[in-house]
Amino acid sequence: MNALNTKLLRDLWRLRGQAFAIGLVIGAAMATFVMAMGVHHSLTQTRDAYYDRYQYGDVFVSMTRAPRSVAGRVEAIEGVAVAEGRIEQFATLELPGRIEPIRAIINSVASGGESRLNNLVILRGRGPVIDNEAEVVIDKAFADANDIELGARIDAVIYGSHSRLEVVGIGLAPDYIWSIAPGELVPDASRFGIFWMGEKALEAASGRTGAINALSLRLEHGAREPEVIRHVDSIVAQYGGTGAVGRQDHVSNAFLTSELDQLEAMTTIIPPIFLLVSTFLVYVVLGRTIRTEREEIGLMKAFGYGNGAIGWHYLKFAIAVALIGIAMGSAVGWWMGLSMTEQYAEYYRFPFLFYQVSTNVFATGAALALGSAAIGAIGGVRAAVSLTPAVAMSPPPPPIYRAGLIERLGSWAKLSSVGNMIVRHIARWPGRSAVTVFGVALSLGLLFATIQFIDSSRAMLDNYFFRAQRQDLSVTFIEPQNEKILTELASLPGVIRVEAARAVPVLLRNGARSERVAIESAGETDRLTARVDANGYEVPIPASGLMLSRSLAAKLDLSPGDRTQVELLGGRQTETTLTVASIIDELIGTRAYATPEALTHLTRDGTPVGSANLLIDPLYRDELIAELGDMPQVLGLTERDAAMNLFEEIIEENIMSMMGFYISFAAAIAVGVVYNSARILFSERAHELATMRVLGYHRSEVGLVLLGELALLVVVAVPVGCLTGYWLAQLMVTMFSSDLFRLPFAPDRSSYGFASLVILAAAGATALIVARRVARLDMVRVLKARD
Amino acid sequence: MPPAVKTQPAPGRETAFVGDNLRKIYVTGETEVQALRGVDLEIFAGEILVLLGPSGSGKSTLLNIVGGLDRPTSGRLWYRDTQLTSLDDADLTRFRRKNIGFIFQFYNLIPSLTAEENVRLVTDISEDPMSAEEALDLVGLAPRRHHFPAQLSGGEQQRVAVARAIAKRPGVLLCDEPTGALDSATGVRVLETLAEANRELGTTLILITHNAGIAAMADRVFNFLDGRIASIQTNDTRISAAEMVW
Numbered sequence: 001m002n003a004l005n006t007k008l009l010r011d012l013w014r015l016r017g018q019a020f021a022i023g024l025v026i027g028a029a030m031a032t033f034v035m036a037m038g039v040h041h042s043l044t045q046t047r048d049a050y051y052d053r054y055q056y057g058d059v060f061v062s063m064t065r066a067p068r069s070v071a072g073r074v075e076a077i078e079g080v081a082v083a084e085g086r087i088e089q090f091a092t093l094e095l096p097g098r099i100e101p102i103r104a105i106i107n108s109v110a111s112g113g114e115s116r117l118n119n120l121v122i123l124r125g126r127g128p129v130i131d132n133e134a135e136v137v138i139d140k141a142f143a144d145a146n147d148i149e150l151g152a153r154i155d156a157v158i159y160g161s162h163s164r165l166e167v168v169g170i171g172l173a174p175d176y177i178w179s180i181a182p183g184e185l186v187p188d189a190s191r192f193g194i195f196w197m198g199e200k201a202l203e204a205a206s207g208r209t210g211a212i213n214a215l216s217l218r219l220e221h222g223a224r225e226p227e228v229i230r231h232v233d234s235i236v237a238q239y240g241g242t243g244a245v246g247r248q249d250h251v252s253n254a255f256l257t258s259e260l261d262q263l264e265a266m267t268t269i270i271p272p273i274f275l276l277v278s279t280f281l282v283y284v285v286l287g288r289t290i291r292t293e294r295e296e297i298g299l300m301k302a303f304g305y306g307n308g309a310i311g312w313h314y315l316k317f318a319i320a321v322a323l324i325g326i327a328m329g330s331a332v333g334w335w336m337g338l339s340m341t342e343q344y345a346e347y348y349r350f351p352f353l354f355y356q357v358s359t360n361v362f363a364t365g366a367a368l369a370l371g372s373a374a375i376g377a378i379g380g381v382r383a384a385v386s387l388t389p390a391v392a393m394s395p396p397p398p399p400i401y402r403a404g405l406i407e408r409l410g411s412w413a414k415l416s417s418v419g420n421m422i423v424r425h426i427a428r429w430p431g432r433s434a435v436t437v438f439g440v441a442l443s444l445g446l447l448f449a450t451i452q453f454i455d456s457s458r459a460m461l462d463n464y465f466f467r468a469q470r471q472d473l474s475v476t477f478i479e480p481q482n483e484k485i486l487t488e489l490a491s492l493p494g495v496i497r498v499e500a501a502r503a504v505p506v507l508l509r510n511g512a513r514s515e516r517v518a519i520e521s522a523g524e525t526d527r528l529t530a531r532v533d534a535n536g537y538e539v540p541i542p543a544s545g546l547m548l549s550r551s552l553a554a555k556l557d558l559s560p561g562d563r564t565q566v567e568l569l570g571g572r573q574t575e576t577t578l579t580v581a582s583i584i585d586e587l588i589g590t591r592a593y594a595t596p597e598a599l600t601h602l603t604r605d606g607t608p609v610g611s612a613n614l615l616i617d618p619l620y621r622d623e624l625i626a627e628l629g630d631m632p633q634v635l636g637l638t639e640r641d642a643a644m645n646l647f648e649e650i651i652e653e654n655i656m657s658m659m660g661f662y663i664s665f666a667a668a669i670a671v672g673v674v675y676n677s678a679r680i681l682f683s684e685r686a687h688e689l690a691t692m693r694v695l696g697y698h699r700s701e702v703g704l705v706l707l708g709e710l711a712l713l714v715v716v717a718v719p720v721g722c723l724t725g726y727w728l729a730q731l732m733v734t735m736f737s738s739d740l741f742r743l744p745f746a747p748d749r750s751s752y753g754f755a756s757l758v759i760l761a762a763a764g765a766t767a768l769i770v771a772r773r774v775a776r777l778d779m780v781r782v783l784k785a786r787d
Numbered sequence: 001m002p003p004a005v006k007t008q009p010a011p012g013r014e015t016a017f018v019g020d021n022l023r024k025i026y027v028t029g030e031t032e033v034q035a036l037r038g039v040d041l042e043i044f045a046g047e048i049l050v051l052l053g054p055s056g057s058g059k060s061t062l063l064n065i066v067g068g069l070d071r072p073t074s075g076r077l078w079y080r081d082t083q084l085t086s087l088d089d090a091d092l093t094r095f096r097r098k099n100i101g102f103i104f105q106f107y108n109l110i111p112s113l114t115a116e117e118n119v120r121l122v123t124d125i126s127e128d129p130m131s132a133e134e135a136l137d138l139v140g141l142a143p144r145r146h147h148f149p150a151q152l153s154g155g156e157q158q159r160v161a162v163a164r165a166i167a168k169r170p171g172v173l174l175c176d177e178p179t180g181a182l183d184s185a186t187g188v189r190v191l192e193t194l195a196e197a198n199r200e201l202g203t204t205l206i207l208i209t210h211n212a213g214i215a216a217m218a219d220r221v222f223n224f225l226d227g228r229i230a231s232i233q234t235n236d237t238r239i240s241a242a243e244m245v246w
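Respectively, the protein sequence lines represent chains A and B.
Quick note: the first sequence, position 43, residue 43 per the working numbering, numbers continuous.
Quick note: the second sequence, position 87, residue 87 per the working numbering, numbers continuous.
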């Protein structure tokens, strides 16, 4: 090894603490990058393989009831490769010891679970026999959540009649990667199951002999989906078709896609923050190293080393530090990605998992890390190259302090000598002080922005459950009912108030843009539900025309006063034009509202009641639920409190895993920045600190000079960090919003405090580690050396 | 090896320091360096003592031990009634704070503090100091008290260091090559100031120098060789700094 490389290794060893601290920050960048890209890549691969192997459909449509032959007509449409009909039938389940309503959606499958599309994956057991009404396959999540084993028997009410089902298999299917019960906000595998039953058996059980109520399509390569959908809709309209949707709008795929988009957003926000900080750190540390080594640089030049060799020598230092970070970050990122992918695989139901981080991801991450370290090194390398040997070998001029604004301020504020030393040193090195402030501020900002996600989810929860939904129970009917059902419900024990919830599926059109939604309505006197905007204010449904959620209005490019074409779906294919009366800034979904009168006018007859909201006396809860369970019209019950608790649980779980990661990462930045600042400060001030010790200052008093400067910078960084966090959180909220929901920017004030405390603790602990060096300061040795 | 000379007690003179068989061994890696090889000494209150000798002969080590910056490996040392060799670090710091003024070859001023503030750095923690202005006045630098070290010449910086050292009215002034980085005229000026502090404040002045000429202004001179005091020279008459042959 040549002498310069030996020097490089020794320098790295000598500066190992600082190199490691910068490596931590680069490692955090690399880890988040590898993790997010790895998870994104793995989930995409897993999803695609799953879809491909198990024939996930391209287009889906639901109908009220259609003859099985409709599948053949749809398959004849140009561009359709396969069309398969099936029955999807809701059922109410009775699990021993469970009083709350438990539902399942039963899907028909050909004999043994063989289908042409959306193939059932049997994990254990076997597929159902085609005509055995007692045999079902149940989904793994439901089985796990309720401890149901193969061979277990489940009592169910299907289409009004009781039956006892036997679990012959446990499985999964690609069209149910993510599923939610109708009317629910939060998926709950313990209360909603996906079942599969033999085709003939389900026909009999649901009273649909020779009929289907759902179609799945596989398109030919190059087929034009919108045209196919238009065709399908025209065929199934007479069977109560509610409008065909492509994969992107199929709920299971839509949720997974939204999650993947969020992961992608994460890679564009978080790693760059770490890389920016590491660039600054390399700049500061290498700059300082080169200043202290100027005499050596002069000597090397005097011996005949060229500028190129010297520049490359210092650049290699930056590269080596980056390599430390790349190695740590790659390993940690790979591991974090694996555990996160496993979590996703648990939440989204995949039968297998490809966890694979491509070499490209590592290579890209490494290139970004090396690039940012090299950029940080440019300043220092240029300084080393531009030194002439004669100048370099003479000692550097002492730092020049002059009476400036800061000095005048210091004397005006009557600062002590130590106070003046601190303030003037900061002012003397404004760039470096700024790096410390910015680095700490960014770490605080990042942590705050992460915590804000929890506040944001809570705000959404509050907005939805406390302001918009005030009922205790929602009752969903097997099929829409007439008004009489409301009187019937009102007469049940413990029911205080009953309100109807009506919705009409429509296609809204504005020029070439169209969106499929359900126009919801609520009466003027209704109190149990409300339309609440992002700020928590209740917005009334306008007396005439439509009220659209902001996201829907944006998709259709509609503003108040514009007119939109409204096409009724599911049965009568009538079309009319309505005015957009107002727009509501809602957090969840893309929705439309109209008064019951407007809805009646639209449908030309009374709008049936799809579900009802109840306010109940909690004393009668169990009795009421039992009675509702016995009503043949009732498909399911949603309890607001249970949904809310589940949502809380999900948030809590996220807090645990997410906070662990981000507190460590944010702390890594704070530690990296503060450690390097402290070490540089210490090496620059060792002489002064030793002088003070000689003059009779105690260690604690001398430590104050070192810690005081850091403390002042960190204190300045706190408000800057809160502002950075405020801005970053807004950016992240915008980037993480999807069609399905929009996170409100609603930070809790205590989150600023919590983030600040974590960062202050990390900074404080790091500074104290360096301050221990004050205790070991060798006064005699330091004073012998010329400053 | 020269024979060790034991300083003789002088009846009737108050002693500042008494040292008994002081040894100092530095261990660096696998080598041991014996910096002091059993030094006995007595230093009188109010005297000017010059430590002379080649590099590595032990004079800086002794100065550091006397000033409470370092500890001997063995042996005992008293300052008046206090046994310095039994003090812990905090007590040694208090000892320096109360009794010792230091002046170094390279001044060791704090670059971010003005002349006056550098002096205040000491007066802030002293019991009965003179004002910073008064101290600077004594070294003739009162008009430049608001200047930063970088705005002062080497001689001026050293005079600020002297002002900083005498401002607390220390019992002892320890100077390690105080004129080593100065030209002769400036050096004389600094020595005059030190002598004046010795005269006016009764401060014991211990000086390390390579400049044998400076020995003439001392009451006594310890000649160091190989970690021992090889000889002691007593001057019957001291010359002033101005008369010194540089």
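Just so you know, these hints were derived from the structure itself, not from any lab.
This one's a predicted model, so the numbers in the text were calculated from it and none came from an experiment.
A couple of the hints might just be wrong.
Said to hold, decoys possible - What follows is a list of derived Cβ distance ranges for each label pair:
no.	chain 1	residue 1	chain 2	residue 2	range
1	B	Asp81	A	Pro430	24 to 34 Å
2	A	Phe303	B	Glu127	51 to 61 Å
3	B	Gln151	A	Thr734	19 to 29 Å
What the hints assert, rightly or not - A few chain B residues facing chain A, derived, Cβ under 7 Å:
no.	residue
4	Asp88
5	Leu92
6	Arg96
7	Leu121
Claimed, not checked - Straight-line alpha carbon distances no greater than 25 Å define the calculated DMTMM-like cross-link-like pairs of lysine to aspartate or glutamate that follow:
no.	chain 1	residue 1	chain 2	residue 2
8	B	Lys98	B	Glu30
9	A	Lys316	A	Glu346
10	B	Lys98	B	Glu134
11	B	Lys98	B	Asp128
12	B	Lys98	B	Asp124
13	A	Lys200	A	Glu296
14	A	Lys414	B	Glu30
15	A	Lys484	A	Asp617
16	A	Lys414	B	Glu127
17	B	Lys98	A	Asp778
18	A	Lys414	B	Asp128
19	B	Lys98	B	Glu127
20	A	Lys484	A	Glu538
21	A	Lys555	A	Asp131
22	A	Lys414	B	Glu133
23	A	Lys316	A	Glu627
24	A	Lys140	A	Asp52
25	A	Lys7	B	Glu30
26	A	Lys555	A	Glu94
27	A	Lys414	B	Asp137
28	A	Lys316	A	Glu342
29	A	Lys484	A	Glu623
30	A	Lys414	B	Asp124
31	A	Lys555	A	Asp233
32	A	Lys555	A	Asp526
33	A	Lys200	A	Glu94
34	B	Lys98	A	Asp249
Glycine included, C-beta positions come from ideal geometry on N, C-alpha and C.
Here is how each hint holds up against the structure:
Range check, Asp81(B) to Pro430(A): Cβ separation about 51 Å, and the 24 to 34 Å hint is violated. In this structure the hint that Phe303(A) and Glu127(B) lie 51 to 61 Å apart at CB holds, the actual value being about 55 Å. A hinted range of 19 to 29 Å for the beta carbons of Gln151(B) and Thr734(A) is inconsistent with their spacing of about 54 Å. For Asp88(B), the interface hint is violated, since its Cβ never comes within 7 Å of a Cβ in chain A; the closest pair sits about 12 Å apart.
Restraint check, Leu92(B) versus chain A: the minimum CB separation of about 10 Å is more than 7 Å; hint violated. Annotation: Arg96(B) was flagged as interfacial toward chain A, and the flag holds, the nearest CB pair being 4 Å apart, inside 7 Å. Proximity of Leu121(B) to chain A holds as hinted, the smallest CB-CB distance being about 4 Å (cut-off 7 Å). For the given pair, Lys98(B) sits about 38 Å from Glu30(B) by alpha-carbon distance, which is inconsistent with the 25 Å threshold.
This hinted pair does not check out: Lys316(A) and Glu346(A) have alpha carbons roughly 44 Å apart, beyond 25 Å. A threshold of 25 Å between alpha carbons decides the hint, and for Lys98(B) with Glu134(B) the separation of about 19 Å falls inside it, so the pair holds. For a cut-off of 25 Å, the pair hint linking Lys98(B) to Asp128(B) stands: about 9 Å separates their Cα positions. Our distance criterion of 25 Å between C-alpha atoms is met by Lys98(B) and Asp124(B), whose separation comes to about 12 Å.
Note on Lys200(A) and Glu296(A): the hinted pairing is violated, with a Cα-Cα distance of about 88 Å set against a maximum of 25 Å. Restraint check: the Cα-Cα separation between Lys414(A) and Glu30(B) comes to about 51 Å, which exceeds 25 Å; the hinted pair is violated. A hinted pair counts as satisfied when its Cα atoms are at most 25 Å apart, and Lys484(A) with Asp617(A) qualifies at roughly 22 Å. A C-alpha spacing of about 21 Å is found between Lys414(A) and Glu127(B), which places the hinted pair at or below 25 Å, so the restraint holds.
This hinted pair checks out: Lys98(B) and Asp778(A) have alpha carbons roughly 21 Å apart, not beyond 25 Å. For the given pair, Lys414(A) sits about 21 Å from Asp128(B) by alpha-carbon distance, which is consistent with the 25 Å threshold. Restraint check for Lys98(B) and Glu127(B): satisfied, since their Cα atoms lie roughly 7 Å apart, inside the 25 Å limit. Annotation: proposed proximity of Lys484(A) to Glu538(A) is violated, straight-line Cα distance about 29 Å (limit 25 Å).
A hinted pair counts as satisfied when its Cα atoms are at most 25 Å apart, and Lys555(A) with Asp131(A) does not qualify at roughly 46 Å. Between Lys414(A) and Glu133(B) the alpha-carbon distance is near 16 Å, which keeps this suggested pair within the 25 Å criterion. At most 25 Å may separate the alpha-carbon atoms for a hinted pair to count; Lys316(A) and Glu627(A) exceed this at roughly 77 Å. As the CA atoms of Lys140(A) and Asp52(A) are separated by approximately 21 Å, the hinted pair is consistent with the 25 Å bound.
Distance restraint check for Lys7(A) and Glu30(B): the Cα-Cα separation of roughly 23 Å lies within the 25 Å cut-off, and the hinted pair is therefore satisfied. For the suggested pair Lys555(A) and Glu94(A), the alpha carbons sit about 42 Å apart, so the restraint of at most 25 Å is broken. Straight-line distance between C-alpha atoms of Lys414(A) and Asp137(B) comes to about 22 Å, which keeps the hinted pair within the 25 Å bound. Among the hinted pairs, Lys316(A) with Glu342(A) is inconsistent with the structure: their alpha-carbon atoms are about 38 Å apart, more than 25 Å.
Our distance criterion of 25 Å between C-alpha atoms is met by Lys484(A) and Glu623(A), whose separation comes to about 22 Å. For the given pair, Lys414(A) sits about 13 Å from Asp124(B) by alpha-carbon distance, which is consistent with the 25 Å threshold. Proposed proximity of Lys555(A) and Asp233(A) is supported: the alpha carbons are some 21 Å apart, at most 25 Å. Straight-line distance between C-alpha atoms of Lys555(A) and Asp526(A) comes to about 29 Å, which puts the hinted pair past the 25 Å bound.
Distance hint between Lys200(A) and Glu94(A) is fulfilled; the C-alpha atoms sit about 23 Å from each other, no more than 25 Å. The straight-line distance between the Cα atoms of Lys98(B) and Asp249(A) is roughly 82 Å, outside the 25 Å bound, and the hint therefore fails.
In the structure shown, a violation is registered for the earlier hints numbered 1, 3, 4, 5, 8, 9, 13, 14, 20, 21, 23, 26, 28, 32, 34, in ascending order.
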